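Following the hints, complete the assembly by docking chain B onto the known chain A.
Each chain, letter by letter, is given below.
Number of protein chains: 2
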Amino acid sequence: MNFDSPLESVKSDIAIEFENQKQAKIIYDAIVLEFETAPDYRSSMNLTLDESRILIRINAEDSTSFRASVNSAIKWIKLSLEINNLTI
Amino acid sequence: MNFDSPLESVKSDIAIEFENQKQAKIIYDAIVLEFETAPDYRSSMNLTLDESRILIRINAEDSTSFRASVNSAIKWIKLSLEINNLTI
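Protein chains in written order, with my numbering: chain A, 1 to 88; chain B, 1 to 88.
Looking at chain A on its own, in the form it has when it is part of the complex (with noise of 0.2 Å):
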């Protein structure tokens, strides 16, 4: 993206629902720092438990920024889920 584009800014708002409120927070708990310790200037990611979801909230510049956001984002997600998966 260039400074001519006419994209001024991608938000978004992702709900991922789990089964219940147990999974969600321990999907939660094994990612949040991750999302603390991910500083880009070009994006902002903010992740929030709400009982039985986790929502993530992206406000992005431009659109590869706000794809790398939520690349990253989902692989966390993913990653974690396969890890617990493997353990119960």
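These are calculated hints, taken from the structure and not from any lab test. Accuracy of the hints is not assured; some may be wrong.
Any copy, or any two copies together, can satisfy a pair, since identical chains are not distinguished.
Lysine-lysine pairs mimicking BS3-like chemistry, simulated, CA-CA at most 30 Å apart [said to hold, decoys possible]: (1) Lys11 x Lys25; (2) Lys22 x Lys78; (3) Lys78 x Lys11; (4) Lys22 x Lys11; (5) Lys75 x Lys11; (6) Lys25 x Lys78.
Owing to the predicted nature of the structure, the values given are computational and were not obtained by experimental measurement.
For chain B alone, coordinates are given in the frame of chain A:
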């Protein structure tokens, strides 16, 4: 993701803000058909134009199909922006 996954669904509202309504409409018109003609039984995607914003709603059954949908949506938007930049 296997059948034991505790993940029930991934839902997302994405708002892409453009400089002005005209730009948003150009990009919307360029990609709306792609969204209507890309069926995926594990996720649904919905595109709407709201003044200077394009809203994308994605409902997916799992994180893999969600990621595929997001990436596909963002790639279409990025491509349209790039082609648009060549012509203005």
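We went through each hint and held it up to the structure:
no. : hint          : verdict
1   : Lys11 x Lys25 : both (24 Å within a copy, 18 Å between copies)
2   : Lys22 x Lys78 : within (17 Å within a copy, 38 Å between copies)
3   : Lys78 x Lys11 : both (22 Å within a copy, 15 Å between copies)
4   : Lys22 x Lys11 : both (28 Å within a copy, 20 Å between copies)
5   : Lys75 x Lys11 : both (19 Å within a copy, 16 Å between copies)
6   : Lys25 x Lys78 : within (14 Å within a copy, 35 Å between copies)
Violated hints for the displayed structure: none, as all numbered hints are satisfied.
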